[in-house]
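Asks: From first to last, the protein sequence lines stand for chains Y and G. My numbering puts the first residue of the first sequence at 1, with every later residue one more than the last. My numbering puts the first residue of the second sequence at 1, with every later residue one more than the last.
Be aware that one or more of the hints could be misleading.
Pairs of lysine-lysine residues, derived as DSBU-like cross-links and limited to a Cα-Cα distance of at most 30 Å, are as follows [to be verified]: (1) 743/G with 86/Y; (2) 9/G with 89/Y; (3) 620/G with 8/Y; (4) 29/Y with 722/G; (5) 722/G with 620/G; (6) 29/Y with 294/G; (7) 29/Y with 8/Y; (8) 294/G with 89/Y; (9) 83/Y with 288/G; (10) 9/G with 8/Y; (11) 746/G with 89/Y; (12) 651/G with 722/G; (13) 86/Y with 297/G; (14) 297/G with 8/Y; (15) 706/G with 743/G; (16) 632/G with 746/G; (17) 6/G with 41/G.
Among the chain G residues that face chain Y by a calculated CB cut under 10 Å, a handful are [to be verified]: (18) 192; (19) 196; (20) 204; (21) 229; (22) 231; (23) 235; (24) 242; (25) 250; (26) 251; (27) 253; (28) 269; (29) 273; (30) 275; (31) 291; (32) 341.
By construction, these hints were calculated from the structure, which means they are not laboratory data. We put the CB at the ideal spot given by N, CA and C, even for glycine.
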Amino acid sequence: MGRSTTAKEAEALVQSLRSAYSATPTNLKIIDFYIAFAVVTALIQVVYMAIVGSFPFNSFLSGLLSCVGTAVLAVCLRIQVNKENKEFKDLPPERAFADFVLCNLVLHLVIMNFLG
Amino acid sequence: MALEDKQEKAVRHAFGNVLSFFVLLLIGVFAFSIRLFSVIKYESVIHEFDPYFNYRVTQYLTKNGVYDFWNWFDDRTWYPLGRVIGGTIYPGLTLTAGTIWWILNFFNIPLSVETVCVFTAPIFSAFSSWAAYLLTKEVKGVGAGLTAAAVLAMVPSYISRSVAGSYDNEAVAIFALIFTFYLYVKTLNTGSLFYATLNALAYFYMVCSWGGYTFIINLIPMHVFLCIITGRYSSRLYIAYAPLVVLGTLLAALVPVVGFNAVMTSEHFASFLVFIILHVVAFAYYLKGILTPKMFKVAVTLVVSVGMIVCVAVLAILIAVVASSPTKGWSGRSLSLLDPTYASKYIPIIASVSEHQPPTWPSYFMDINVLAFLVPAGIIACFFPLSDASSFAVLYIVTSVYFSGVMVRLMLVLAPAACIMSGIALSEAFDVFARSIKLQFPIAKQTDDASAEDSSQVSTNNGVKPASEKTEDTLKERPSRKSKKKEKEKEKSKSTSVTKQIKKKLLILPFEASLVAIVLLVLLGSFYVVHSVWAAAEAYSAPSIVLTSRSHDGLHVFDDFREAYSWLSHNTDVDDKVASWWDYGYQTTAMANRTVIVDNNTWNNTHIATVGTAMSSPEKAAWDIFNSLDVKYVLVVFGGLVGYPSDDINKFLWMVRIGGGVFPHIREPDYLRDGQYRIDSQATPTMLNCLMYKLSYYRFVETDGKGFDRVRHTEIGKKYFKLTHFEEVFTTHHWMVRIYKLKPAKNRIRGKTKKFKSKTSTGRSNQKRSTRATRKNPYP
């Protein structure tokens, strides 16, 4: 009995998650997709490293951290652009995007240097 | 009326801004000038030991350019091993000074590299004061900021490591530390990704400058964790921390001396752990936002059970990996910070450095003086109200107090925290007293107008607090304006501000008491200023390369060190190797320009132990060791004639300990008589025969006929002896530095007889030597 209630609860949870998520605006969904893409790329790199070995460690590190870094920055962008966020209602989304681009530029400059 | 009000506010704001700008300028000039005592009293010279290495590296950088500097392999130290300079130094300081020199030369201002190096530290201390102003302004407000900046400009602890001439990493690192903290708090307060980027870049500058960057990368995660568990999570926290971790780790890995340590050593694991925790918490908050409360509870129960299992598994793996290494992944220096007794048990070199000893209680009052009891007041003031920024300040002061208790050198990290806290405390105190005076000053005039002005004054108060001492000036402006507005505001404000008036009146102290209190606070500040200037002038301005002493016939100057190095550079070949204890390595390579065996970098314990063993062995064995290292000259520092206490005989037991740590035939008890270290007639024969004793006291009896050592306050044990394997080539004017040359091996090997040895050496030592010699001595 306990198992079926937890299973039902899990189903209900997934349903409510899906319905709540579909209510988010499109621009946020695009950012979420980008985040998911970056994380998946990072995971692929980790699996590849596990198979092939980590010899040029700096290359592995820079590849992994570039994916993680751009995912983190995209999350920050999403936070700042989200209209439901009370703290950032004075921030124009163009400014948030400009900051995002600047930070990514710095990140990838460092990556290029570290790639070796 | 409203327009007039706004205009007056704008004028007051402008006045306040201009005033605070000038105050900051004066603070910067003051911070620069108070550090110039050593240049005035002595000369513009580089102090101590480590700065000479930095100076030499900067010379190389300015002469050969960045690429050669980055790839430099130095073969003039740690002979025959050499040292990879590019990969083992923190390049921030040298690159900064090199850039300043290059810019100045670009504009045809012909300052020499030495001048730029000497004055780098005072300039950056002015910048640090301004950074402290910015940081404290973010925490509490402009008044606290200005007070903190003024206090930091003269705190003796910071002066001690940043006088003109002290060209060491801390000179720029403290500025980088405060500036990084300012940018972090600014990002936390505003949530702007732009400041987060700047924060990561400032952190990069800090990693370039000093090994103490691990303090930042552990303090900030600690603060984030504290905010999470006290329920202060916000999206600004995420923006402040997450980009810093990713960018910061990458930037730290860019610096060669850190390299992959940025991801592999335990010092950085805290940041990754908190990074993961932060993401979990952020995700939980996000779910809370989009789900209904009931569904959220379901999610929580489901996730918690699964998540716990996963977390425990991951943690177990991590602990197993870390525990498999003997030091649990921490470096020796960090371990000695966490466990103060670690170094004395396992790493005698770290334990022997005098800066690594725990401080005594008086050193707190010497180094941060009045701030020591203003800090608790500041901590309390930070709780009214508690914000993210003020909780960060409290965490900073608490951790830095702990670490300063472990190592004297880290009092330097305590200084900015103490200045911030005392700035806050002083500013709040002045706030209360000045407000009490202001509200009671025109006692006869108004009760209503006071409340009317209150509501407008309270808001402008925080903006127009340029310097806390200046509030009395602004007080005088109030009465004139109040009389103008008296009639206009009376009716409007009565009802609304009665409650405010009651509130304000509750916080008021009696008029005379607050006046006396302000006078006393100013007096306290003046005591602090007097002490700081005295400490800067007398205690911390000595370049240990030149010593002075006062006697009845004036000032004596002891310039023996430079005399010896200049003799070396003029009278020896360029490729000659000089052996000395590691303290003098940097100075020898920088000033005498000769190759040394060991220097202050102390990265190779075995090499140092070899030199230590040679100094502790009898002449023949020492000659063998030095000959195998191609050494030509041996340099010892001896203070017995003039009473200079930091000479090699006083350091000798450390040589024995370090040498004995690697070569077990050197045993410390052999050099002690009944557990006591002596060099008089009661000393052990091992002590009286060792190379250090002989090189220090050779011909010492000729100075006063009795051989009285002014440091150890006894006559020496063995007075008349000859050196068989070394010859004295130079002794400086006050006998402080003595240089000996290794005698070349004789061509003809005398016979195997032991008995005839008594003819070649004199003194009573030969009896012991012939009985001790277990090997043939082909080179008598």
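Asks: Each of the hints needs a verdict: does it hold here or not?
Replies: Hint check:
Between residue 743/G and residue 86/Y the CA atoms are separated by roughly 83 Å; this puts the pair beyond 30 Å, and the hint is violated. Among the hinted pairs, residue 9/G with residue 89/Y is consistent with the structure: their alpha-carbon atoms are about 28 Å apart, no more than 30 Å. Distance restraint check for residue 620/G and residue 8/Y: the Cα-Cα separation of roughly 88 Å exceeds the 30 Å cut-off, and the hinted pair is therefore not satisfied. With a C-alpha separation of about 89 Å, the suggested pair residue 29/Y and residue 722/G falls outside the 30 Å cut-off, and the hint is violated.
Distance check on the hinted pair: residue 722/G and residue 620/G sit about 13 Å apart at the alpha-carbon level, within 30 Å; holds. Distance hint between residue 29/Y and residue 294/G is fulfilled; the C-alpha atoms sit about 25 Å from each other, no more than 30 Å. A distance of roughly 28 Å separates the Cα atoms of residue 29/Y and residue 8/Y; the hinted pair therefore holds under the 30 Å criterion. The hinted pair formed by residue 294/G and residue 89/Y meets the criterion: a straight-line CA distance of about 28 Å does not exceed 30 Å.
Annotation: proposed proximity of residue 83/Y to residue 288/G holds, straight-line Cα distance about 17 Å (limit 30 Å). Distance check on the hinted pair: residue 9/G and residue 8/Y sit about 64 Å apart at the alpha-carbon level, beyond 30 Å; violated. With a CA separation close to 89 Å, the supplied pair residue 746/G and residue 89/Y exceeds the 30 Å bound. Of the supplied pair hints, the one linking residue 651/G and residue 722/G holds, its CA atoms being roughly 24 Å apart against a limit of 30 Å.
A distance of roughly 24 Å separates the Cα atoms of residue 86/Y and residue 297/G; the hinted pair therefore holds under the 30 Å criterion. For the suggested pair residue 297/G and residue 8/Y, the alpha carbons sit about 14 Å apart, so the restraint of at most 30 Å is met. Between residue 706/G and residue 743/G, the direct Cα distance comes to roughly 28 Å. Compliance with the 30 Å bound is thereby established for this hinted pair. Proximity of residue 632/G to residue 746/G is assessed by CA-CA distance (about 15 Å); at most 30 Å being required, the pair is judged to hold.
At roughly 53 Å between alpha-carbon atoms, residue 6/G and residue 41/G are farther apart than 30 Å, so this suggested pair is violated. Here the hint on residue 192/G is kept, as its CB sits about 7 Å from the closest CB of chain Y, short of 10 Å. Contact between residue 196/G and chain Y, as hinted, is supported at the beta carbon level, the nearest pair being about 7 Å apart and thus within 10 Å. Given hint, residue 204/G at the interface with chain Y, holds; its Cβ is 9 Å from that chain's nearest Cβ, closer than 10 Å.
About 21 Å separates the beta-carbon of residue 229/G from the nearest beta-carbon of chain Y, more than 10 Å, and the hint is not met. Checking residue 231/G against chain Y by beta carbon gives a least distance of about 16 Å; that is not within 10 Å, so the hint is violated. Interface hint status for residue 235/G: upheld, as the beta-carbon distance to the closest one in chain Y is roughly 5 Å, under 10 Å. At about 5 Å, the closest approach between the beta carbon of residue 242/G and any beta carbon in chain Y falls short of 10 Å, and the interface hint on this residue holds.
Annotation: residue 250/G was flagged as interfacial toward chain Y, and the flag holds, the nearest CB pair being 5 Å apart, inside 10 Å. For residue 251/G, the shortest C-beta to C-beta distance to chain Y is roughly 6 Å, which falls under 10 Å, so the interface hint holds. Contact between residue 253/G and chain Y, as hinted, is supported at the beta carbon level, the nearest pair being about 6 Å apart and thus within 10 Å. Taking 10 Å as the C-beta cut-off, the interface hint given for residue 269/G is violated, the closest approach to chain Y being about 15 Å.
Because the smallest distance between the Cβ of residue 273/G and any Cβ of chain Y comes to about 15 Å, over 10 Å, the interface hint for this residue is violated. With its C-beta approaching chain Y no nearer than about 9 Å, residue 275/G sits inside the 10 Å limit, and its interface hint holds. Using the Cβ-Cβ criterion of 10 Å, the hint placing residue 291/G at the interface with chain Y is satisfied: the shortest such distance is roughly 6 Å. Evaluation of the residue 341/G hint against chain Y yields a violated restraint, the C-beta minimum of about 35 Å exceeding 10 Å.
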